[in-house]
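Enquirer: Take the given structure of chain L and dock chain Y to it, following the hints.
There are 2 protein chains.
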Amino acid sequence: MKHLSSLPLRDIKINDNFWNRYTKLIPEVILPYQWNILNDRVPDAPASYCLRNFRIAAKEENGERLGTVFQDSDAYKWLEAVAYSLAADPDPELEKNADEVIALLGRAQQPDGYLNTYFTCIAPENRWRNLCEGHELYCAGHLFEAAAAYYETTGKRKILDISCRFADLLCTVFGPEEGKLHGYPGHPEVELALVRLYQVTGNDTYLNLGKYFLDVRGGKPNYFLQEMSQPDFHHIFPEFRGYDPAYSQSHLPVLLQKTAEGHAVRAVYLYCAMTDIAYYYQDKQLLEQCVRLWYNVVQKRMYITGSIGSSGFLERFTVDYDLPNDSGYSETCASIGLALFGLRMARLTRDASYIDIAERALYNTVRGGIALTGDRYFYVNPLEVWPDICIENTSREHVKAVRQKWFDVACCPTNIARTFSSLGQYIYSASENELFVNLFINNKASAVIGGSTVSINTITDYPKTGHVIFEVEADSMEFTLFIRVPDFAEKLLVSVNNNSADLKIENGYCMISKVWNGKESVDFSFEIRSKLIYANPQVRASVGKAAILRGPEVYCLEEADNGTQLAALSISEGVSLREEWQEELFGGTMVVHLEGEKSLPGDNENTSYSTAPNKKEKIDLTAIPYGSWNNRTPGEMIVWLHTSK
Amino acid sequence: MKHLSSLPLRDIKINDNFWNRYTKLIPEVILPYQWNILNDRVPDAPASYCLRNFRIAAKEENGERLGTVFQDSDAYKWLEAVAYSLAADPDPELEKNADEVIALLGRAQQPDGYLNTYFTCIAPENRWRNLCEGHELYCAGHLFEAAAAYYETTGKRKILDISCRFADLLCTVFGPEEGKLHGYPGHPEVELALVRLYQVTGNDTYLNLGKYFLDVRGGKPNYFLQEMSQPDFHHIFPEFRGYDPAYSQSHLPVLLQKTAEGHAVRAVYLYCAMTDIAYYYQDKQLLEQCVRLWYNVVQKRMYITGSIGSSGFLERFTVDYDLPNDSGYSETCASIGLALFGLRMARLTRDASYIDIAERALYNTVRGGIALTGDRYFYVNPLEVWPDICIENTSREHVKAVRQKWFDVACCPTNIARTFSSLGQYIYSASENELFVNLFINNKASAVIGGSTVSINTITDYPKTGHVIFEVEADSMEFTLFIRVPDFAEKLLVSVNNNSADLKIENGYCMISKVWNGKESVDFSFEIRSKLIYANPQVRASVGKAAILRGPEVYCLEEADNGTQLAALSISEGVSLREEWQEELFGGTMVVHLEGEKSLPGDNENTSYSTAPNKKEKIDLTAIPYGSWNNRTPGEMIVWLHTSK
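Sequence lines, in order, name chains L and Y.
Residue numbering for the first sequence follows this note's numbering, beginning at 1 and increasing consecutively.
Residue numbering for the second sequence follows this note's numbering, beginning at 1 and increasing consecutively.
One chain only, chain L, in its complex shape (with noise of 0.2 Å):
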């Protein structure tokens, strides 16, 4: 296994017509907007009190601290999306409310290296007692994030301080060693973390730590179980009662676990952190069970729109082709962590085939996740809704019609803003002799390749074509460029120089290898074509339907185009799809014409049954990507459509 990295961001600049739409909003809308959150100034918005919690806790503000036990990686998601905005715009304003924030969790901090609101001042008995519920280690980790980022962009020194100091008490709390617990996180993260604290500090005992998080996870007699047999365990989640340790990963070994279990973020993070794992260790059994795993999430457990957790009930994963579109969960934030692992693996294993649903978690479903005003954001992604049953105090209540100015539980903003102000991580890898362009982005890029500095442009409208000219500027540089040939690619085409090149595809890149030398372009080109896809009759919600593809997006119909009762619509298998090109709709998009027949009641409209036969009437249809929807007047919306042959 040879390593691949992400370029640094602050060498990539990304101006693209299509990601403009949200990463120009990054530092003028939401991070604004998510500070006022965190500061408790929206009005009608679900109270956040992240950053009074830590002013609590730094004993400069009485009161009680409130909210989830959870509710400080809300901060630290938002400094690590503060990082990666200030390496493409730098912004004194937001860094000195970043520097603040950072100052104030020193203040937070014990003496001891340990920050956590909830157990400083609420449960400070319990601290360490309540792996399984109390999210200590999830919080440290998006802590160790935001510190490496932090540190990465500004490099000032405070915030990673305050980590390491963390990091070393958990060095010394958790580990083999008699003596330590022989603990692990309930909610996976702070693995991922730990080597990422590694890679910015070369500190390898953080490393081993991570390690042996997943080494020992998952081992009898079950940690978490007997956490809760002790006599004074208090639970913090009253639906834990009665806990499956499937639900957070920890019923078997990772190494012996076949399918994707429990709660579908939780799995991801887990299975990032085994990726690290696997890469630092060299470790190929881990490496395997990484791929078998994210071939059972995205074969068979996985949206055609990259969301996961077919649940609504503890977010979680159920069966294969288990795949309800109006109930599932589908959660932001699990398609952001399968967008991680998937980037992971493809860095991994050089495998372009990661990356297509890497991008169709991003395009689909992180995008549908944030609207394009940037303060309203799902937290649950299904690929129907009919807003008349996203009522409360029903099996749908977690189904929202709308997008929401917060939440209680807050996840998902937050790493929405972290997740597209680091959009760059998934253009580029490179190695010593290698570049890797994964995603087709417009930007400009200067990579360190063999110690020298290569300058590469990307200039593409994509996904409105699949064309894409690389201006490569080298000084006589050797290495092989590989472009990811996406699996949706039709009519592939790629010049060097204007020279047609041979195509060499290998694991779904292709490989121009030579020396670089000056200025040169590589112009790549495919065909993007909307397509129908079809579900596995085993995906019973959706057998018998089809799906609109176009290159990375999903197209779903909204009432808005459609009028209502979306689900009594149907195509014929193989209808033609007609392209057109809105420039003024959500700014800038390919919506897709097709003729489809709406069911109309064969007799009696007011009843639900009849003998006679539906009638059906034709009924132009107009689709639009899933990533866009409820952008307009909200109303129903439909991924999946009937078929008749």
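Read the hints as simulated data drawn from the structure, not as lab findings.
In this text, a Cβ means the ideal position worked out from N, Cα and C, and glycines have one as well.
Honestly, I wouldn't trust all of these hints.
Cβ-to-Cβ under 8 Å is the rule here; a few derived chain Y residues that face chain L [to be verified]: (1) Val319; (2) Ser395; (3) His467; (4) Ser495; (5) Asn536; (6) Pro537; (7) Gln538; (8) Arg540; (9) Ala568; (10) Ser572; (11) Val575; (12) Ser576; (13) Leu577; (14) Glu579; (15) Gln582; (16) Tyr609.
Expert: Below, chain Y without anything else, positioned relative to chain L:
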């Protein structure tokens, strides 16, 4: 509004090829099995604690009173079922057990007449202080229903006296007068039971209290929210925080409720009481309201199987046409309540269409709620079951793939017992010059009409065929025989004493008005044909699908006959249905054969999605009655099949 009443159960002897499979089980299996359950003698079944709780309340046993707050009602419903069973089949052993339970109730009753083990043992200070959750009035109602039944069958006054003492207490506690509580039950039941108690005692203070509970329901400010706002209020159900009064139909006065809302069982029990009170107070406005709610339920919020309650969470109604097949609730008790509501409406309006629905509920959902062995039960009755997803800690946890020995919340099994043991109440209704036949069940009955006795033998193999012979024996009596013409009946023929008669049909009843003298016979026959039923396209879960209905019976496909992946099956609109009588199956059953197609993956069978449309292969399908499902090897089941033109 003219009175129609059921015939006394002791005057109806059922001996029916179809129903014997259950009615014979009542004394032989069902009541003894449930007796063992109530005494906690069934291994591996959830504990009932029910009779033990009464012994604790009577201070005859030490220990903690356990089980749900409404556990007492299981004993009451069992007693009610015993009463009906004794009317059909005297059984000294059973009667002795019942008498002992009744004596125990007497000893557990408090000096002031109060009887409730939960509040007596656990929270005596909270009597009547949590009407929303406490189920005191609900349990009282089931006691009163048992008392009326037991007194009518055995003539023994003991349980009636206990009930009257308790009801007298209720009359001093609740009512419009100052100093009384202006509250009403969180779970309707006592209202219809007070009417029942009035019917056997003639004491109209009980009737008035029943009416009062309806009158005061849903007033502002909401009584339950007021209860919850008391400083020392204690929730019995934690999930009732943030209580929505619509859950208990207390969001509006009953006359202003336009749609069926909230918990389905609560709703239909309330509507039963509204129908009763509409009759006794000759309240046309209330009757109109019953009609309005009935049609909202049966036209827009009812599954084709006569089941109700679309949300797995809170077992409640949602919105019109929201009828998910695999995740709905469809509680057995709710269909029992719907049948009781329909029976009352038919008696009050002389409209047979109400019986069409009651019959649908009884033949499908209620019947499906119990195994042919009598000792296994369904609480939830979905129209599509994929056992793999009926797993704990998911959104589908409420769906069970096999019938259960008992439940922690065990309202359904004893409710089935009292329903099937009182099946006779559905067969006939009578007034001083009318005899109505509602259900076609082989039986011998006698009815007092206008002071004289007529005997009527019903001879039929319904629902195998629609041929019914009525042998009437009377002594020169003039009355009208009303025979229900089911909504599915075709080619109806009627002859009286072998002379074909003109059909006079009104409100779904065929009317034969004459002087009946000596032995006469009516030959009533109609064709029962398997039909395809199509869903209104607004029923999103079933649009584009068809179900098979044969007479009152909805059909389903089981894995035992059709293999797995039933959701991948489709049939042609108008496919021919071939009926075959199978004498050995389920005690004699018409099965339906049809040709269908099964979708197969278009290409890679190991992934969820493909650009290739599914392939299809022909397959011979066999459907069985839904009410008989899950009596062979457990597996998948489906009611609604995809259709193609």
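Enquirer: Taking the hints in turn, state whether each one holds.
Expert: Consistency of the hints with the structure:
Taking 8 Å as the C-beta cut-off, the interface hint given for Val319/Y holds, the closest approach to chain L being about 5 Å. Contact between Ser395/Y and chain L, as hinted, is supported at the beta carbon level, the nearest pair being about 4 Å apart and thus within 8 Å. Nearest Cβ of chain L to the Cβ of His467/Y: about 22 Å, over the 8 Å cut. The hint is violated. This hint is violated: Ser495/Y has a C-beta 28 Å from the nearest C-beta of chain L, more than the 8 Å allowed.
Taken as an interface hint, Asn536/Y checks out: its beta carbon lies about 5 Å from the nearest beta carbon of chain L, inside 8 Å. With a least beta-carbon distance of about 4 Å to chain L, the hint placing Pro537/Y at the interface is held under the 8 Å criterion. Given hint, Gln538/Y at the interface with chain L, holds; its Cβ is 6 Å from that chain's nearest Cβ, closer than 8 Å. Hint status for Arg540/Y: holds, given a least beta-carbon distance of 4 Å to chain L, under 8 Å.
Using the Cβ-Cβ criterion of 8 Å, the hint placing Ala568/Y at the interface with chain L is satisfied: the shortest such distance is roughly 4 Å. Annotation: Ser572/Y was flagged as interfacial toward chain L, and the flag is violated, the nearest CB pair being 10 Å apart, outside 8 Å. Taken as an interface hint, Val575/Y does not check out: its beta carbon lies about 11 Å from the nearest beta carbon of chain L, beyond 8 Å. Below 8 Å, beta-carbon pairs count as interface contacts, and Ser576/Y has none with chain L, the closest being about 15 Å; its hint is therefore violated.
At its closest, the beta carbon of Leu577/Y sits 13 Å from a beta carbon of chain L; the interface hint therefore is violated under the 8 Å criterion. For Glu579/Y, the shortest C-beta to C-beta distance to chain L is roughly 17 Å, which exceeds 8 Å, and the interface hint is violated. A least Cβ separation of about 25 Å between Gln582/Y and chain L goes past the 8 Å threshold, and the interface hint is therefore violated. A distance limit of 8 Å between C-beta atoms decides the matter here; for Tyr609/Y the minimum to chain L is near 5 Å, and the interface restraint holds.
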